[in-house]
Amino acid sequence: MRKKITRYLITIAVLLLVAYNSVYFKKLDEVKAAQAALTFNAASYAQKFWETKLMPGLGKAVEVDSLIPMLAATPVKAFDNYSHALGIGNIRYFLVHGTGKVTSIDADDISLSITGLNNQPIKIATEYIFGNAVRDATGLININDFSNTMDFNNVSAEINKIIRAKVLPLLKNVKVGNSIAFTGAVELNKEHLSLAQVEIIPVAINILPQK
Amino acid sequence: MKFLFAILRTTTYTMLLALLLSGCKSNTTSSKPKKVAVIVSTLNNPWFVVLAQTAAAQAQALGYETKIFDSQNNTATETDNFENAISAGYNAILFNPTDADGSVANALEAKAAGVPVFCMDREVNSVNAATSQILSDNYSGCVSIGKYFVEKMNRQGKYAEILGLVGDNNTWNRSKGFHSVVDFYPGLTMVAQQSADFDRNKAMEVMESILQAHPDINAVFCGNDAMAAGAYQALAAAGKADNIKVFGFDGAEDVIESIQSKKIVATGMQFPKVMAKTAAIYADEYFKGKRDFPKKMPVAVELVTQENVSEYTGYGKKDQ
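Protein sequences appear in the order of chains A and B.
First residue of the first sequence: 1, per my numbering; consecutive thereafter.
First residue of the second sequence: 1001, per my numbering; consecutive thereafter.
Just so you know, the hints here were simulated from the structure itself, not pulled from any lab data.
For every residue, glycine included, the Cβ atom is placed at its ideal position computed from N, Cα and C.
Any given hint could be a false lead.
[To be verified] Which residues of chain B face chain A? A few of them, derived with a C-beta cut under 10 Å, are: (1) Glu1123; (2) Leu1135; (3) Val1143; (4) Val1150; (5) Lys1176; (6) Phe1271; (7) Met1275; (8) Lys1296; (9) Val1299; (10) Asn1308.
[Said to hold, decoys possible] A short list of chain B residues far from chain A (calculated; beta carbon distances all over 10 Å): (11) Leu1043; (12) Asn1044; (13) Pro1046; (14) Ile1068; (15) Asn1084; (16) Thr1189; (17) Pro1215; (18) Lys1240; (19) Asp1254.
[Claimed, not checked] Far from chain B by the CB rule (all over 10 Å, computed), these chain A residues: (20) Lys4; (21) Leu15; (22) Ser44; (23) Pro69; (24) Thr99; (25) Thr115; (26) Gln120; (27) Pro121; (28) Lys175; (29) Leu193.
So that you can see chain A by itself, here it is in the shape it has in the complex:
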């Protein structure tokens, strides 16, 4: 009888041990947090890129007063020396810098007259802040560092969000006649180059004091 009880107790103990080790309870929040840590966070990547690569690298932007005449005169040289793109094709991006006087404020953009360009108008985009121009203009992000193309594209979307949140508000109080220093990205088609309507997506804006 005692033997039987001992056998039952051992069996129950083994079963309890197996059952205890078979089932785990974890907080749902912890599981979700662990999964989130494994997935790519485009917003934090974009923020880091903005702070550690884009802003410190703004000094490398080419002066728009010298780029536009070079594009008109020797486009191949201008594209070779100053543009960036990730792959094959005619669409390429430039990081440009310049100063100009506001000539008009429209729904989608602000027009500037650039003194060094014989007052040729340049537009600063204020509505259509989309696409990969800013991400690709620096040439500092490599597509091959990303296992998934969508993650890579989401970086652009997040960079554009930063521009809407941090840069566009600086243009809110701008008035016709103000002088502005700007740095931004511009997309141009190498084969079908149109310099009549150059539109810059701004990444840095400084409204200069009135003289």
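Assemble chain B onto chain A, guided by the hints.
This is chain B only, laid out in the frame that chain A set:
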């Protein structure tokens, strides 16, 4: 002693014969051109026919034997094509996958057999399976279409979206690029989003059913030109072609003509010939010893509208 000499003589003759045979074999192999297989998702769409034929023509021009395999949009058929290509001794595969996830195993099988795979236009969800992937920048192309769509719609109206194959990354990269712009405008409402598998006939049926449920839509964005052509056909049959704006993606010949005749509003021009030629050139470079290929090589997509369509022809630019 005699016996020892006999053994030595036999061994020497055997070795000489073996050397001679191996020499013959290596000569035979080196004189034969290498073979390049072109495995394409479907030949039921003219765009992929151009992709496959250009890849094969470029590989032939580089001195290789080629054969085109049609996967008929079916990963099982694609698996058979890979097995056949590998067992038939093809040395490289220029590959247009049917499914971003489902095609990974096929590319890995080729890799395990020592056959490099170069993806064209569509990607596989693996950084190790293919030697290089030459892909259209679908997202950026559809960002451009999205901007043009917003302008043409004056930032308001109802629209439908017809998606491609749901298992293909291009479908979602295009859709997300488009929505990354259009969703910023609350006046634009998407009333229907359905898949038509990149197929013209299916798109026609899908468009017909969308029209029944939402006869008041103002526009439709289609994930490729075959579906845009099918959607336009359904709209024309319903007498609504003049009221509903159709936007496509690809740069197929019939849609470029439709943009010229102001039937379709715009498309994104992909460059299948550029992608196919690049893949064949990469295979050639691989055979010559190069190994450091970019894992992904995006090819820019250009917006084709009724204003700039004169600069383009089907599947590329006029001067290409």
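Hints, verified against the model:
Hint status for glutamate 1123 of chain B relative to chain A: holds, with the closest Cβ pair at about 7 Å, below 10 Å. A least Cβ separation of about 7 Å between leucine 1135 of chain B and chain A falls short of the 10 Å threshold, and the interface hint therefore holds. A least Cβ separation of about 4 Å between valine 1143 of chain B and chain A falls short of the 10 Å threshold, and the interface hint therefore holds. Annotation: interface hint on valine 1150 of chain B holds; nearest CB of chain A at approximately 8 Å, less than 10 Å.
Taking 10 Å as the C-beta contact cut-off toward chain A, the hint placing lysine 1176 of chain B at the interface holds, the least distance being around 7 Å. With 10 Å as the threshold, the beta carbon of phenylalanine 1271 of chain B comes within range of chain A, its nearest partner Cβ sitting at about 7 Å, so the hint holds. Proximity of methionine 1275 of chain B to chain A holds as hinted, the smallest CB-CB distance being about 8 Å (cut-off 10 Å). Given the 10 Å rule on beta carbons, the hint for lysine 1296 of chain B holds: about 5 Å separates it from the nearest Cβ of chain A.
Restraint check, valine 1299 of chain B versus chain A: the minimum CB separation of about 5 Å is within 10 Å; hint holds. The interface hint given for asparagine 1308 of chain B holds, since its Cβ lies 8 Å from the closest Cβ of chain A, which is under the 10 Å cut-off. With a closest Cβ-Cβ approach of about 25 Å to chain A, leucine 1043 of chain B is found to remain outside the 10 Å limit, as its non-interface label requires. With a minimum CB-CB distance of about 25 Å to chain A, asparagine 1044 of chain B clears the 10 Å threshold, and the non-interface call stands.
The beta carbon of proline 1046 of chain B sits about 22 Å from the closest Cβ of chain A, which is more than 10 Å, so the claim that it is off the interface holds. The claim that isoleucine 1068 of chain B is not at the interface with chain A holds, since no C-beta of that chain comes within 10 Å of its own (minimum 23 Å). The claim that asparagine 1084 of chain B is not at the interface with chain A holds, since no C-beta of that chain comes within 10 Å of its own (minimum 30 Å). With a closest Cβ-Cβ approach of about 19 Å to chain A, threonine 1189 of chain B is found to remain outside the 10 Å limit, as its non-interface label requires.
Interface exclusion of proline 1215 of chain B from chain A stands, the closest Cβ pair being 31 Å apart, more than 10 Å. Once the 10 Å rule is applied to beta carbons, lysine 1240 of chain B is consistent with being away from chain A; the minimum gap is 29 Å. At roughly 23 Å from the closest C-beta of chain A, the C-beta of aspartate 1254 of chain B stays outside 10 Å, upholding its exclusion from the interface. The Cβ of lysine 4 of chain A sits about 56 Å from the closest Cβ of chain B, beyond the 10 Å cut-off, so the non-interface label holds.
For leucine 15 of chain A, the shortest C-beta to C-beta distance to chain B comes to about 41 Å, beyond the 10 Å cut-off, and the non-interface label holds. Distance to chain B confirms serine 44 of chain A as a non-interface residue, since its nearest Cβ pair spans about 19 Å, more than 10 Å. Distance to chain B confirms proline 69 of chain A as a non-interface residue, since its nearest Cβ pair spans about 25 Å, more than 10 Å. Every CB of chain B is more than 10 Å from the CB of threonine 99 of chain A (nearest about 27 Å), matching its label as outside the interface.
Consistency note on threonine 115 of chain A: stated as away from chain B, and its beta-carbon is indeed over 10 Å from all of that chain's, at 30 Å minimum. For glutamine 120 of chain A, the condition that its CB be more than 10 Å from all CB atoms of chain B holds, with the nearest at approximately 22 Å. Every CB of chain B lies more than 10 Å from the CB of proline 121 of chain A, the least distance being 20 Å, so the non-interface label holds. For lysine 175 of chain A, the non-interface assignment is confirmed: its Cβ lies about 26 Å from the closest Cβ of chain B, beyond the 10 Å cut-off.
Every CB of chain B is more than 10 Å from the CB of leucine 193 of chain A (nearest about 12 Å), matching its label as outside the interface.
The structure is consistent with each of the numbered hints, conforming to all of them.
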